[in-house]
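Chemist: Please assemble the complex out of the two chains, which come individually in their own frames, going by the hints.
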Amino acid sequence: MRPVLLIDFGSTFTKVTAVDLEAERILGRSSAFTTADSDIGRGLNLALDRLADKTGDLVYESRLACSSAAGGLRVMVSGLVPELTAEAARLAALGAGAKICRVFSHQLTRCDLTEIEENPPDIFLLTGGTDGGNRQCITSNAERLASLTSRFPIIFAGNRSALDDCERLLADFPLTVCPNVMPCFGELRIEPVQKEIRRLFLERIVSARGLSRTRELLSGILMPTPSAILSAVTLLAGGTKEEPGIGDLIAVDVGGATTDVYSVGQGEPDDAGIIFKGLEEPYAKRTVEGDIGVRYSIQGIIDEVGPDRLACEADLETGRLVQLVSHLTAQPFLLPEDQGEELRRLDHTLAASAVDVATRRHAGVLSRVYTPMGPAWLQKGKNLRQMERIILTGGSLIYSTRPLELARQALYSDRHPESLRPYRAQALLDQDYILSAMGVLAEREPGIALRIMKKELTPLGVCHRRQDQEEANGSA
Amino acid sequence: MEQENGKRLVIGVIGADVHAVGIRILEFAFRQAGFQVTNLGVMVSQEEFIGAALETGADAIVVSSLYGHGELDCRGLRDKCDEAGLEGILLYVGGNIVVGKQDFNDVEKRFHEMGFDRVFPPGTTPEQAIECLNKDLGVG
Ligand code: B12
Chain U
2 MRPVLLIDFG STFTKVTAVD LEAERILGRS SAFTTADSDI GRGLNLALDR LADKTGDLVY
62 ESRLACSSAA GGLRVMVSGL VPELTAEAAR LAALGAGAKI CRVFSHQLTR CDLTEIEENP
122 PDIFLLTGGT DGGNRQCITS NAERLASLTS RFPIIFAGNR SALDDCERLL ADFPLTVCPN
182 VMPCFGELRI EPVQKEIRRL FLERIVSARG LSRTRELLSG ILMPTPSAIL SAVTLLAGGT
242 KEEPGIGDLI AVDVGGATTD VYSVGQGEPD DAGIIFKGLE EPYAKRTVEG DIGVRYSIQG
302 IIDEVGPDRL ACEADLETGR LVQLVSHLTA QPFLLPEDQG EELRRLDHTL AASAVDVATR
362 RHAGVLSRVY TPMGPAWLQK GKNLRQMERI ILTGGSLIYS TRPLELARQA LYSDRHPESL
422 RPYRAQALLD QDYILSAMGV LAEREPGIAL RIMKKELTPL GVCHRRQDQE EANGSA
Chain D
9 MEQENGKRLV IGVIGADVHA VGIRILEFAF RQAGFQVTNL GVMVSQEEFI GAALETGADA
69 IVVSSLYGHG ELDCRGLRDK CDEAGLEGIL LYVGGNIVVG KQDFNDVEKR FHEMGFDRVF
129 PPGTTPEQAI ECLNKDLGVG
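Which chain is which? The protein sequence lines are U and D, in order. Under our numbering, read the first sequence as residues 2 to 477, first letter to last. Under our numbering, read the second sequence as residues 9 to 148, first letter to last.
Same shape as in the complex, but just chain D (with noise of 0.2 Å):
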């Protein structure tokens, strides 16, 4: 494992989403990173994610979702982070966000719009995110 980097992140599957398998192997590859990492599991609601953000001082939100109703849950996240106090909080979103075969450069854009910092494909590896925390955390 690499040495711990200081970073706090709060991870988890939003919405009513119960594929429980890859959060798993995000948590365990971000600690082998150095993160500290919370992981809320699956179903987790947006108050949770603000919650244990607020309650761990986290660097950043990671946010999965699988089954294709990402948009809905999403929505609405980054203003309920800046009400909390959480201003600026870096914010991801993965996984198989939208339902089907979409443009991505129309999906990434919509959930800029909403707020997240980095919108990923289906099919991204934990290395690559690893990469984009590591720059955008300033670790290393």
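Bound-form chain U, shown alone (with noise of 0.2 Å):
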């Protein structure tokens, strides 16, 4: 036996998985509850005792975790067109795993750098420009940086032309320089980025955040959580050299304060007849949708989908519906399980709710524009109509009574037909959330990680796309 152990400090729950690299299997799994970042030693050692219950006494040969406690990564960023470097920039940061606070186009103003100075981001990733392109903006916002007072990472990915005289600016910033993120119109360049955002979340932000006493117990890699879940999907969808994944897919994460959407694929036009236009899209792509959750995020999902309707799904008066949202928005830990039955049909619409709006907002659009020679279609973002996988992972999609009507939400609909989304797909369940697990796995055993994914994710069936008829009808 070579047993290994994977650790995910999240903000509420710390996870532990033990991994036999032997048996390429899980050994067991426990968790346990952390109330405070300073609590984060005892939520580990508590989960720990409990899994030993499980699975014995274990020597491990190596320990690696990845985290989101503390607030996760807090970073900025900075671009030029708002559309162009200052979305490259954003797509890094996300797929890197950042919790992005905020997007700045154009140069700084005086109330932005207020806004910097007064919570100071863990990294802030400077772009604009294109190499030999636009110089100005990003010069003069590196320029503005440096006359606050306060003093974070730096990584700089913008036009190499302007690369001297940031460097002369931010002398006294802790400065990375990286290759730009659009190197040229349209093309994204954004991995190298990402590797300097995990290696400076190693680095320096888990020092800075009481995790360093912990990684004394670690033997290396740690990672920010939704970097772990990205590295996991797309070794499960592309595979190793030596053995094949299983196809393009997406994955939807329900959690209780926001929802995160990944895909991984070309995502190309899949007609002669579709013009792609904008920024490149990403291969393997994460969104998060900050005002998408079950619990602390309803709000978001009302408003986005309107209280009548939702009321409707859930089969409720609207005004009932609206009594049982306050009572989740108290009591944010209350689970499925110990719901009266109108509380678990919301806490269905609400997570089906989430899933579609997340991944609609993830898809990309094809725009049917009316031209002096006919119609013509263009498609702007990523294309997952030709994906045949979904992933369901998070407390509230694992947990779900009806998992493959949530997939399902995920799909092309006749509602949203100019939304990318999947025709059909085979729907699996990462019912015992090993993904972030697999995902720190893969940065030392990809074939192991790939393989006990493989095994571990339960199939749940295929569904289809969704037509405005059989909607109407209420049939799943």
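In short, the hints are calculated from the structure, not lab data. The structure displayed is predicted, hence computed values, not measured ones.
A partial selection of chain U residues facing chain D, derived with a Cβ cut-off under 10 Å:
| hint | residue |
| --- | --- |
| 1 | 80 |
| 2 | 81 |
| 3 | 84 |
| 4 | 107 |
| 5 | 129 |
| 6 | 130 |
| 7 | 131 |
| 8 | 135 |
| 9 | 160 |
| 10 | 186 |
| 11 | 187 |
| 12 | 276 |
| 13 | 278 |
| 14 | 279 |
| 15 | 371 |
| 16 | 379 |
If you anchor each label on the Cβ, the simulated ranges turn out as follows:
| hint | chain 1 | residue 1 | chain 2 | residue 2 | range |
| --- | --- | --- | --- | --- | --- |
| 17 | D | 121 | U | 111 | 35 to 43 Å |
| 18 | U | 84 | D | 111 | 37 to 45 Å |
| 19 | U | 462 | D | 88 | 49 to 57 Å |
| 20 | D | 37 | U | 168 | 32 to 40 Å |
All C-beta atoms in this analysis are idealised placements derived from N, C-alpha and C, irrespective of residue type, glycine included.
Modeler: This is the structure we're talking about:
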């Protein structure tokens, strides 16, 4: 036996998973509640005790971890044009597992600077201009950042021609330099920045957050949890050199406060008549919806879907819905199983809407433009129509009694035909919460992580696109 | 190829126009002449021209229109450039910019009024365009 311990430090739970590298299987899992950041060591010990009850005492050959504790990794990004370099920078940081607190475009204003000064980020990602292109914006932003009193790590990933000036201006910041996120127009190059963000996370942020004590317990990797999940699903989709993956996929993680969506695949137009517009899309893409979640962010779902429609889908009176929502908001730790029938229905509807809204925001959009020559099709964003697998993870999906229906919300719908979501897909459930652990393990043993995921994810069956009529009939 | 002249061009076919061949030839010719070229291809919106010109720090935007609706598609481009901080950027347009055979002097006048610095009639060769670019951008 070759046991390895994988730890996921969450903001509310610390989860531990023991894996046997030799048998390529999971030995056991457990978790413990962590109320405060200072508790992190205690939460870990508690979780380990519980794990030992299941697995017996194990001597781990390594201990690896990911973390979203202490508010996650707070990143601010700046670029020039909102939908070009600023967007490229945003995509880069999201894919590295960051929590994006601000996206600035064009020149930083005095107001922006005050905001940065008052609440400085863990990392500032400074971009703008293609290589050899606009130099003025990034240089003046560097100058403005230098006028602040706070100092924070800055990653320069903009126009190379502006590098010398920026290095001089930012001499007393911890500055690292990466290749431009958009080296030439429309081309996205985000992996180097993502690597750098993860390195900074490990080196600086972890020690600043009181996680350093736990670091002694670890033997290496510590990455932001969303970045671990993104590497897990990327591995699962693409496989290794020796072993194929399961193909292009999307994954949805609905949480109490936010909903994350991941997609792995090229996402190019699937018809010769469609013309792609805008910035290239990342092969492995993550988006996070900060206003969509089934406990702290219910209001965001209501705002998006509307209370009446939500009530109708949960088979409740609108007044009753409002009552139940305030009940849920007041008791965010209420689990679906200890609820009455009404609350369970509401919970299901909230999770379904979260999947629907978040995948719609993640997916690309097809628009029909009416030209003097007749209609033409333009695609903006990533095309998921041909992706044939959906993975569900996160508390509210894992504990659902009707997970296949939730998966279906991620598919193409007649209500939003413009949204380029999958036509049909096989749904897989991350029942035992292994994705983040496998993402961490993948850094060391990708082959083993891949095979464990293939074994452990539970197939739920195939779901098909949603058509208006059947939606109206209420049949699933 | 000529030595790079340090001047940057953003080029593309505006509007709903899908004529894809000419713009590639222009891209090739402009590169040969020493320009750095960002070719946005076909079906390019005004916003795309402007976004690309901003990020690449372009010295000129070269608009091609072949299907006859150039006048509609080009209207307002200069104002939007001004709005976006691209005041004074060189704007060219050419191809078959209007429908059918019209008096080119009239056409030229209308496009000048729309803020284009140079307007080229059908049949303009890339060389003629390069000559103008060199002159207007002070190359060589
Ligand atoms: C091939 C072609 C098509 C193909 C295009 C395939 C493709 N994806 O590229 C298809 C079949 C799709 C097509 C469709 C249409 N076409 Co057509 N097409 C042509 C054709 C035969 C050749 C175009 C070409 O590739 N030429 C070769 C290249 C190298 O030359 P070029 O495009 O003219 O570009 C050069 C110069 O013009 C110049 N130039 C171009 N832009 C600029 C800009 C500047 C600033 C400068 C300085 C120079 C410059 O430099 C280029 C390189 O040398 C022309 C006729 C012709 N012989 O030109 C008609 C032609 C352009 N089409 C025409 C029309 C009307 C149409 C349609 C509207 C037909 C219809 N009713 O459906 C549609 C429009 C579709 C759309 N949304 O754009 C008309 C335009 C008439 C007008 N403007 O008054 C033309 C002129 C035919 C005609 N005589 O009626 N077309």
